[in-house]
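Q: Protein chains in written order, with UniProt numbering: chain A, 1 to 505; chain B, 1 to 505; chain C, 1 to 505; chain D, 1 to 505.
If you are wondering where the hints come from, they were derived from the structure by calculation, not from laboratory data.
Treat the hints loosely; a few may be bogus.
For identical chains, the list gives no copy identity; a pair is met inside one copy or between any two copies.
Straight-line distance between alpha carbons at most 30 Å, and here's what the computed DSS-like set of lysine-lysine pairs gives [said to hold, decoys possible]:
#	residue 1	residue 2
1	Lys127	Lys11
2	Lys11	Lys161
3	Lys208	Lys161
4	Lys386	Lys11
5	Lys11	Lys38
Protein chains: 4
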Amino acid sequence: MNCENFSISEKIVSSSYIRQGAQARRTHEQFIRLLLEKGKCPEDGWDESTIELFLNELALMDSNNFLGNCGVGEREGRVASSLVARRHYRLIHGIGRSGDIAAVQPKAAGSSLLNKLTNAVVLDILKAAGVRTVSSCFVVPMATGMSLTLCFLTLRHRRPKAKYILWPRIDQKSCFKSMITAGFEPVIVESLLEGDELRTDLQTVESKMKELGPENIVCVHSTTSCFAPRVPDRLEELAQMCAKYEIPHIVNNAYGVQSSKCMHLIQQGARVGRIDAFVQSLDKNFMVPVGGAIIAGFNESFIQEISRMYPGRASASPSLDVLITLLSLGTNGYKQLLKERKEMYTYLAEELKKLAEAHGERLLETSHNPISLAMSLGNLEKHNTKAVTQLGSMLFTRQVSGARVVPLGTEQTVSGYTFQGFMSHTNEYPCPYLNAASAIGITRQDVDLCIKRLDKCLKTFKREKGDQSDKLESESGNPATASKEDVSELAERFQEEACLGLKKL
Amino acid sequence: MNCENFSISEKIVSSSYIRQGAQARRTHEQFIRLLLEKGKCPEDGWDESTIELFLNELALMDSNNFLGNCGVGEREGRVASSLVARRHYRLIHGIGRSGDIAAVQPKAAGSSLLNKLTNAVVLDILKAAGVRTVSSCFVVPMATGMSLTLCFLTLRHRRPKAKYILWPRIDQKSCFKSMITAGFEPVIVESLLEGDELRTDLQTVESKMKELGPENIVCVHSTTSCFAPRVPDRLEELAQMCAKYEIPHIVNNAYGVQSSKCMHLIQQGARVGRIDAFVQSLDKNFMVPVGGAIIAGFNESFIQEISRMYPGRASASPSLDVLITLLSLGTNGYKQLLKERKEMYTYLAEELKKLAEAHGERLLETSHNPISLAMSLGNLEKHNTKAVTQLGSMLFTRQVSGARVVPLGTEQTVSGYTFQGFMSHTNEYPCPYLNAASAIGITRQDVDLCIKRLDKCLKTFKREKGDQSDKLESESGNPATASKEDVSELAERFQEEACLGLKKL
Amino acid sequence: MNCENFSISEKIVSSSYIRQGAQARRTHEQFIRLLLEKGKCPEDGWDESTIELFLNELALMDSNNFLGNCGVGEREGRVASSLVARRHYRLIHGIGRSGDIAAVQPKAAGSSLLNKLTNAVVLDILKAAGVRTVSSCFVVPMATGMSLTLCFLTLRHRRPKAKYILWPRIDQKSCFKSMITAGFEPVIVESLLEGDELRTDLQTVESKMKELGPENIVCVHSTTSCFAPRVPDRLEELAQMCAKYEIPHIVNNAYGVQSSKCMHLIQQGARVGRIDAFVQSLDKNFMVPVGGAIIAGFNESFIQEISRMYPGRASASPSLDVLITLLSLGTNGYKQLLKERKEMYTYLAEELKKLAEAHGERLLETSHNPISLAMSLGNLEKHNTKAVTQLGSMLFTRQVSGARVVPLGTEQTVSGYTFQGFMSHTNEYPCPYLNAASAIGITRQDVDLCIKRLDKCLKTFKREKGDQSDKLESESGNPATASKEDVSELAERFQEEACLGLKKL
Amino acid sequence: MNCENFSISEKIVSSSYIRQGAQARRTHEQFIRLLLEKGKCPEDGWDESTIELFLNELALMDSNNFLGNCGVGEREGRVASSLVARRHYRLIHGIGRSGDIAAVQPKAAGSSLLNKLTNAVVLDILKAAGVRTVSSCFVVPMATGMSLTLCFLTLRHRRPKAKYILWPRIDQKSCFKSMITAGFEPVIVESLLEGDELRTDLQTVESKMKELGPENIVCVHSTTSCFAPRVPDRLEELAQMCAKYEIPHIVNNAYGVQSSKCMHLIQQGARVGRIDAFVQSLDKNFMVPVGGAIIAGFNESFIQEISRMYPGRASASPSLDVLITLLSLGTNGYKQLLKERKEMYTYLAEELKKLAEAHGERLLETSHNPISLAMSLGNLEKHNTKAVTQLGSMLFTRQVSGARVVPLGTEQTVSGYTFQGFMSHTNEYPCPYLNAASAIGITRQDVDLCIKRLDKCLKTFKREKGDQSDKLESESGNPATASKEDVSELAERFQEEACLGLKKL
């Protein structure tokens with residue numbers, strides 16, 4: 001309420017109480033003022049009440065919520081379903097204008113503010129996470145892959161003759177498709193095996209630059225975060241080469257914001273060489289729903305050029321999600337999550353190591369990968385050739401999600417290109433393995449349950465049973481005091497009975 | 001609750017009541033069953049309680065909501081903010097996989113179902129709206145422009161040599177940029193003036209086809225819905241030409257689903273000639289927030305090819321919005337909205353005509369345009385050269401949104417191409433004018449307020465005042481019984497006083 | 001946002017857009033201002049966005065939401081569950097203080113405002129609904145019965161010697177128990193049968209007054225809204241008698257606000273005689289959840305005396321519900337609901353009359369009852385003595401709720417008092433009957449379905465089947481286009497199959 | 001979804017994913033099953049998704065949510081505002097029937113289940129909190145005071161001749177008014193000063209029993225939780241006396257559930273003597289909004305008698321709140337809160353002791369009071385007679401809520417009875433004092449801020465300024481990194497400036 005309405009209220013409820021209420025309201029306004037003035041993520045997270053107050057205020061500024069508005073355009077932010085209106089806090093106009101995704105909309109001052117502030121807050125967090133000299137960024141409501149495509153399409157206008165993208169191999173489809181979709185020809189550079197690690201083959205990169213001619217190369221497309229035993233690319237050296245040969249350099253930093261190592265690599269690369277843009281996922285780094293990415297860089301005008309490439313308005317939903325999340329966490333809350341992730345990485349590594357040794361396997365030595373770990377499955381495979389893939393489906397059934405088994409010898413064709421040893425980032429890795437990662441938000445319970453279930457599965461194989469129909473042990477005990485683990489197993493059993501029952505009818 | 005829990009409940013509350021409750025639950029399940037079985041939009045809209053039940057059920061099937069899940073992947077659908085989780089009904093995994101936006105996700109059976117069902121329901125509605133033979137479509141979380149870009153990028157792989165897009169001019173930036181972003185060269189075909197209307201110059205299109213060579217042309221990029229006095233392109237003839245010369249044909253049907261005429265044009269075009277894909281906005285046709293589009297076509301494999309072009313997962317938010325909206329409206333509710341829109345088009349035309357005549361102007365005759373209308377502003381301009389642009393800002397201030405004034409002689413450069421008479425779709429239209437549209441969701445009150453305010457503004461000019469500081473008349477009356485109109489004016493006045501006051505301090 | 005924050009925003013998004021946003025916000029503030037200033041229900045309903053803005057503003061004024069608050073009391077408005085906090089809009093402190101349910105709380109300026117405004121708005125609506133001279137009222141979070149008890153307990157302190165309450169019989173348990181709970185002795189006055197109607201026996205009331213002595217009588221406890229064939233009490237005459245003998249008069253107006261007739265009776269009673277308080281249900285009159293009542297009267301100090309009788313704070317939930325509801329409806333919306341109710345009463349009466357005649361029964365003539373109707377079931381009973389109760393359970397199974405069958409000869413003991421012919425308001429009514437009512441919110445579909453189902457049930461008896469296992473006819477047809485009716489029947493059938501199936505396992 | 005719908009889904013999304021989804025759903029059903037079967041609070045709290053699933057399921061069982069329902073009654077659970085429907089999870093019918101607040105409603109199987117389960121879960125928690133032999137309880141949507149009134153009114157029917165209630169004095173208005181409202185005459189028994197503590201004068205209680213005659217005494221009305229220096233009544237001895245003289249015994253256990261000591265007293269009293277019912281607040285013990293209480297006892301039939309006294313249905317809102325809260329906390333979560341409260345009590349006592357000594361005061365020795373503490377203000381008063389009340393308002397202004405100052409010599413009349421030394425529970429306590437309590441949900445930050453602000457206020461007096469206009473020190477520092485404390489002070493200052501500014505206009 002404004003001062004006037006507070007004054008009137010003093011006639012209804014005694015002045016001193018109303019004044020205290022007005023003062024309390026003012027405190028919320030102070031937090032909003034700091035955000036507007038500084039354009040930074042608050043150090044401490046906001047209360048939900050402040051966040052919702054702020055979003056409601058923004059919505060009131062959009063023309064679809066004007067009480068006296070009349071609309072005779074083709075796009076008036078009308079909403080048919082109140083469920084939909086509500087879940088978007090009545091912010092309906094999206095972000096950007098047809099010319100530029102970062103532009104301000106006359107019809108939607110609130111949504112425009114939201115867009116500008118989100119980009120400012122996200123920039124602040126990228127700095128705090130380690131890329132101190134980043135100068136510009138924007139949130140785009142597309143996945144990392146499509147965002148990379150947008151970067152490549154922008155480069156086309158700068159380098160009309162170029163058609164190759166130099167790409168140190170990483171076996172993840174959307175990275176690869178981002179280049180294909182943009183209409184370029186990927187030049188795949190295989191990694192070198194150093195110890196257990198797969199690392200960038202710098203020499204081959206440089207020889208390709210010379211061979212193809214820098215003017216024919218759109219850019220180098222490197223990667224930070226990836227599944228072990230591949231490790232982040234040698235960004236410093238790549239950036240220096242790019243500078244030397246005047247080739248643009250786009251970094252896929254998919255889930256690297258959560259790792260100080262990945263962010264450090266980018267910072268260093270930009271300091272000593274050339275990085276034009278780095279792209280990261282919103283969901284993988286900020287614990288929001290899938291669907292957004294951040295395109296960031298060190299040269300404001302290039303980043304703006306990319307934002308002007310997006311034709312048309314865009315969904316505000318990913319921006320809204322990340323803004324809510326960062327306001328509720330604050331810089332301190334986010335840093336705390338990063339710290340816990342790092343600790344869980346160490347814990348997961350230790351536990352996996354113990355488990356591996358108990359089963360005659362080993363934890364691969366991939367210390368350059370700060371997020372993903374790999375445990376060999378060579379012995380398992382020796383016993384039973386199908387065991388590796390069976391282990392994958394057993395873990396799936398047991399609700400261990402994200403633990404990926406990588407058998408040897410998989411061949412796969414993506415957009416017409418055939419990859420040997422697909423999933424392992426190299427034509428022939430020495431052994432099959434299992435990946436597990438310590439990503440932001442992981443808990444000790446996740447690690448413990450994963451290790452426990454993995455252990456159970458591996459033991460099943462040991463007993464030479466090797467089939468999937470392993471019965472659940474009867475130790476599950478008293479349902480009244482059932483743990484998370486027990487209840488899940490119980491449910492599995494009951495489910496089968498109940499639904500089978502019905503099907504018999 | 002399942003049957004078992006209903007049985008136990010009978011021990012707590014008497015059986016006959018519980019059984020009736022179980023039966024009632026079953027009714028909701030029946031609606032869900034019909035949706036799953038038929039994959040069609042229900043005829044009558046669902047209750048909010050059924051919709052929310054359904055969404056909650058879907059969410060329970062995603063691994064991030066499994067009570068016994070442990071996650072050790074890099075993307076586990078964790079959410080930091082409960083506000084964010086709640087507004088997405090805990091559906092966090094988005095849609096698609098890295099290989100294909102239409103693919104099923106192992107970790108997210110619920111989100112996968114959501115995606116499939118949304119596409120099925122949307123297909124059903126496209127048929128009901130007039131394109132009876134459409135065979136495939138998918139929702140993509142990008143605006144119309146970026147979705148067109150995706151179509152063009154897909155064609156690149158089919159027609160590697162081609163670099164031109166034939167484009168009957170329409171002055172809307174994102175349409176134009178969709179081609180530029182895709183890296184192609186637009187060949188702009190100016191429209192013909194027929195009466196007041198701007199219509200497709202078929203002869204020039206055909207001569208360009210011959211001149212450039214069909215194999216060098218990526219596609220024809222035509223448009224249905226547009227601002228008067230431009231009218232929808234002659235799709236039948238264009239489609240026939242495309243068939244004859246074997247050139248793909250992509251239709252920008254931005255807000256055309258709401259018009260039976262636009263949909264009829266597409267249906268006819270596909271029947272007699274060639275239409276490869278048509279793209280429409282979600283927000284402009286289905287009253288949902290900005291950010292999604294539907295890519296549809298008559299050849300399932302080509303549409304799939306486009307969906308496989310999108311690298312990476314994508315936001316489920318636009319799919320969720322349109323699914324909620326269509327389930328709550330039902331086919332009948334949606335058709336009712338279309339019917340009301342059509343009626344309001346007629347009403348708006350009549351009222352604008354009267355107003356135009358009262359002010360010495362006329363309603364342009366653009367009967368081929370089923371949504372947008374234009375009223376000349378020639379007399380206004382004669383009195384006062386700046387009046388046309390002033391009128392625009394006066395309408396903005398008075399909360400008339402979407403009424404667009406188009407002065408003569410505007411020149412604008414977009415992505416390096418310069419357009420004469422920008423906004424009017426032609427180098428030199430005979431007179432300046434004002435646009436108003438009857439779009440889905442418009443109400444009689446919108447029309448009445450627009451006419452009333454427009455009339456006031458035009459009268460202001462008549463009185464030779466011509467400035468923006470026109471005072472509000474004192475007739476606003478008793479605030480206790482203030483209408484929507486009055487309150488808005490009151491607010492305007494008070495606002496100025498209050499905030500100016502503060503600034504003086 | 002306050003003016004300061006709007007000013008800062010102008011540096012981020014262009015001034016004219018922000019100013020328009022600020023102006024739009026101001027409009028919402030204007031509505032709130034009018035409410036605070038006038039304390040009246042707005043004529044037109046508010047938008048949900050204004051309502052939620054207002055509630056959020058109120059919440060910010062309560063100390064549990066102060067960002068800088070520290071609490072060391074025994075009651076600090078802390079909430080353990082965010083689901084709970086959210087559903088109460090973070091208004092946790094309830095209403096009133098230990099001394100008085102209408103008092104202002106120092107810790108909760110917002111909740112106090114809510115309480116005061118709700119009482120003011122409700123008072124305004126009582127006037128608009130017909131009791132123009134009502135001078136004071138308050139919402140109490142107790143059902144009608146307990147609220148009547150509170151009135152009686154208050155009278156005890158004014159009339160310490162009195163122990164009798166004169167009560168024209170109405171067969172509804174909570175009315176009766178309200179007197180018992182208060183510790184008084186009800187003196188039951190049987191009604192007179194006039195035509196089909198049961199009306200107040202004024203002569204007996206007066207003779208009881210004389211017989212017992214006015215000083216020994218706590219009050220007369222009369223009733224307006226009731227099930228036909230009982231009709232509202234003759235309030236004018238009762239009020240005059242109460243005035244004459246100086247006996248207080250409490251009116252149970254349970255669901256009478258929705259009827260202009262009931263409200264007129266109270267207005268007239270107060271004009272010509274004595275009415276001390278009248279009590280009405282919130283849920284039955286304002287379409288809110290069960291649990292609140294309004295205690296109203298013509299003498300402010302007596303109503304205050306009652307409010308001071310409630311020991312302790314109370315739930316704000318019913319006040320919040322009715323305030324949200326009235327703000328969203330506005331006076332006009334509420335009046336429209338009353339108008340529709342009246343129309344549906346006429347429609348229901350016509351349809352029931354036709355149905356009755358078709359089945360050899362008749363609609364009882366009870367024109368003094370403006371809400372409830374009764375249709376005789378004499379013929380039905382002649383055929384089959386158990387048929388009347390069977391009809392009741394058949395209607396229940398068919399989801400006809402609220403249609404009450406009243407067999408003859410039911411005897412029931414309530415709190416030690418035995419009633420002959422219980423449910424029919426009299427010892428022996430001439431025939432069994434069925435009640436149906438046209439209450440606020442009823443729709444034409446409710447009436448049509450009720451008549452249709454009732455007709456089906458009655459036909460079942462005609463065919464001498466008379467058992468409950470009547471099979472559903474096979475006409476239910478195509479599920480894809482199932483109506484509300486069909487789906488319900490389908491569900492019933494499937495339910496039985498599915499759950500029986502499971503039980504067999 | 002039911003098994004059938006899961007089966008159909010397998011045709012849309014691959015079977016193994018759907019089956020895993022179905023299994024996951026089953027887990028939620030298992031939790032619900034355990035609740036229904038055992039009727040106990042779960043050990044570990046439920047996820048919000050399980051809670052909401054459960055509430056939605058309950059709502060589907062109420063007739064107002066039946067899709068095929070037609071309603072022709074006077075109370076059909078219709079809701080005008082979707083905001084209201086939503087916040088009650090569409091549970092509209094309230095709890096109980098006109099005859100009994102604990103009865104099952106035919107129209108509302110879901111709400112009836114909710115009511116039964118809430119009472120069962122609450123009973124389980126009362127046992128866990130220390131009253132192991134409690135046999136019956138129910139939640140009533142009225143504050144503690146009105147709930148006590150209901151108990152007294154029930155006793156009237158058992159003891160029609162009795163009119164006195166023996167009441168060891170406690171200065172809290174609603175306790176006192178609960179007896180007055182019920183129409184009885186309180187017999188006030190003053191406490192004895194033992195050390196600093198005020199304790200029950202057992203001798204006087206017994207002599208009053210003899211003097212008035214047991215048959216004339218409705219009950220003894222004792223108290224556990226209270227402000228220091230009063231301490232909980234000697235329940236064991238009172239209960240023994242009640243047994244001996246056959247006088248009912250009602251215990252006001254307002255916020256005693258959170259203290260193992262208070263609960264132990266009740267358990268012991270019931271074991272060795274007579275306790276008929278004990279009444280506790282929902283909000284003060286379970287961190288839910290104000291408005292509900294639990295009436296509990298050791299004799300099921302007496303507790304039922306009370307529940308049957310409540311005439312009419314009642315709000316389900318308090319039941320819903322406490323059920324959501326207990327399901328989300330689980331027994332373990334609730335016990336954890338109790339543990340933390342106890343620790344904070346010790347911490348608060350230590351800090352207050354230090355502060356008191358630093359200012360020449362002392363912490364009163366009231367070890368029998370497990371929740372509330374008192375610090376003398378004798379020295380403060382000597383300096384400045386008005387200082388004690390000034391301190392109160394200074395703390396209020398500084399957002400220290402719940403810290404209550406008690407000056408000497410206050411006289412107050414409540415319902416005609418005059419109390420000397422009101423607020424201090426005795427006619428003349430030796431010194432003025434300040435209360436602070438460690439109640440459930442208190443945090444270390446609450447204690448620290450309270451001590452800090454209290455210290456500042458006391459220092460202000462020391463500096464002989466003694467007025468309220470003390471200026472805020474300038475140390476508040478940089479707003480960008482402002483703490484909770486600083487922001488609050490900043491806000492205070494800005495608020496004054498801003499609103500004063502406006503008023504000058």
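Q: Which of the listed hints are broken here?
A: 2
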